[in-house]
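Protein chains: 2
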Amino acid sequence: MDLSLPNPSWSKDMRLLFDQFMKKSEDGSWKHLPSYKNKFSRRIEDIKVFFPDAKLIKEKISQAQLFPRNFEEGLGFEYAMFHNHAEDRTVCIFQGGPYLQGAPGFLHGGAIATMIDSTLGMTALIAGGIVMTANLNINFKRPIPLCSVVVINSQVDKVEGRKLFLSCNIRSVDEQTLYSEATRLYPTNVCGIAVQKWLCYHGLFVKLDPEKSLT
Amino acid sequence: MDLSLPNPSWSKDMRLLFDQFMKKSEDGSWKHLPSYKNKFSRRIEDIKVFFPDAKLIKEKISQAQLFPRNFEEGLGFEYAMFHNHAEDRTVCIFQGGPYLQGAPGFLHGGAIATMIDSTLGMTALIAGGIVMTANLNINFKRPIPLCSVVVINSQVDKVEGRKLFLSCNIRSVDEQTLYSEATRLYPTNVCGIAVQKWLCYHGLFVKLDPEKSLT
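Keeping their order, the protein sequence lines are chains A and B. Here the first sequence stands for residues 0 to 214, where the numbers follow numbering that gives the first Met the number 0. Here the second sequence stands for residues 0 to 214, where the numbers follow numbering that gives the first Met the number 0.
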């Protein structure tokens, strides 16, 4: 089930933005990106190699689900992403529910970081990089009120060899308030080779290092 | 209910570490820090000022709960923190459950950022700073397997006027594997004054700016 479609918990602002981007998607310049709870959880046997305790795999890893999609409707992360291929950028519209509280009445810094990480990760993935180890640098400019809607704009700034440099900002719907800014670097060749192989196998790894054997 | 006490979902490693730190706490050099789901959610009326839509307050903000404590036992963030006052540092033992997945079999970067933010935030809070707007810079060195136990070490590096500089790292239980490193800056005087007032009222604000009126 695509969880990035409107549901009854979405506020007017959220629906309005969604409709605007769906309209922009009609001519193909933007594309709506679907989002699933456990799209990547199917090949549990492949994960075994990373876990010393076999019982854990059976009992817990089989329950594994994508972090930002594990809340009941309206309580956690409500979001939808749209990608503009020509401009190498992704927009995420995000409504953070009451279970994401940090300081009273505001989103937890970790919840903000989660949506930044998800949006930048998606942008990097589409741009052909990967995504397991990286630097993430966030400036939290203003606290984001719980249950408000914000817009995350992320883009590829630069490609240097096998390094992808991305940045994003989070603004209010009217664009007048800047909540956060972030940069992220994705070096694609610093993971362990086992991880690279595994990701490659699952089609996540687009930009492989030709110097490294996968056998 | 203190959610930082052992429960049946904790692995052997997690229990062992908890017992070790509880033992270190017997002479008072370390202190176990309790953790609650909704400790700060009581004065909903104070939050109203930040929300234009009154309905939202009634319907949603009343459900507000601390982000990392909103998962069923064992599925999300299982953690306990201990503070060493003499050394200005906090240790968090953390077991990330199957609902925190990012790449398959590994913790989501946002889940890691959430625990880093929580641990550094607690360290800053105890050191007398606050905590609403800040810079957070994370180097993800290696992916952390789902359901494994890691140790987050955070400390105050420097105090410059009203700025607090903190850092932390995340290591495996045997300390041989470095998963992540992070730094965080807490400038205490960049929040809006309304937020400062509100936090002060709730006893969160220890280090107030004497230049700014609170009336």
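Honestly, the hints are just simulated from the structure, not real lab data. In this text, all values refer to a predicted model and were calculated from it rather than measured experimentally. Check before you lean on any hint, since a few could be wrong.
Identical copies carry no separate label here, and so any pair may be met within one copy or between two of them.
[What the hints assert, rightly or not] For lysine-lysine, the following BS3-like pairs were computed, each having C-alpha atoms within a straight-line distance of at most 27 Å: (1) Lys157 - Lys23; (2) Lys36 - Lys140; (3) Lys140 - Lys157; (4) Lys11 - Lys162; (5) Lys23 - Lys11; (6) Lys30 - Lys162; (7) Lys162 - Lys22; (8) Lys36 - Lys157; (9) Lys157 - Lys30; (10) Lys23 - Lys140; (11) Lys11 - Lys22.
Right, here's what the structure says about each hint:
Taking the shortest Cα distances, Lys157 and Lys23 sit within 27 Å of each other inside one copy (26 Å), while across copies they are farther apart (49 Å). For a Cα distance limit of 27 Å, the shortest separation of Lys36 from Lys140 across copies, 26 Å, qualifies, whereas the shortest one inside one copy, 30 Å, does not. In this homomeric assembly, Lys140 and Lys157 come within 27 Å of each other (Cα to Cα) both inside a single copy, at 24 Å, and across copies, at 21 Å. In this assembly of identical chains, Lys11 and Lys162 lie within 27 Å of each other by CA distance neither inside one copy nor across copies; the values are 39 Å within and 39 Å between.
Proximity of Lys23 and Lys11 under a CA criterion of 27 Å is satisfied intra-copy only: 18 Å inside one chain copy versus 53 Å between copies. Only within a single protomer do Lys30 and Lys162 lie at most 27 Å apart by alpha-carbon distance; the minimum there is 25 Å, versus 43 Å between protomers. Taking the shortest Cα distances, Lys162 and Lys22 never come within 27 Å of each other, neither inside one copy (34 Å) nor across copies (46 Å). In the homo-oligomer, the alpha carbons of Lys36 and Lys157 never lie at most 27 Å apart, since the shortest distance is 31 Å inside one protomer and 42 Å across protomers.
In this homomeric assembly, Lys157 and Lys30 come within 27 Å of each other (Cα to Cα) only inside a single copy, at 22 Å, whereas the closest approach across copies is 46 Å. Taking the shortest Cα distances, Lys23 and Lys140 never come within 27 Å of each other, neither inside one copy (30 Å) nor across copies (38 Å). Only within a single protomer do Lys11 and Lys22 lie at most 27 Å apart by alpha-carbon distance; the minimum there is 16 Å, versus 53 Å between protomers.
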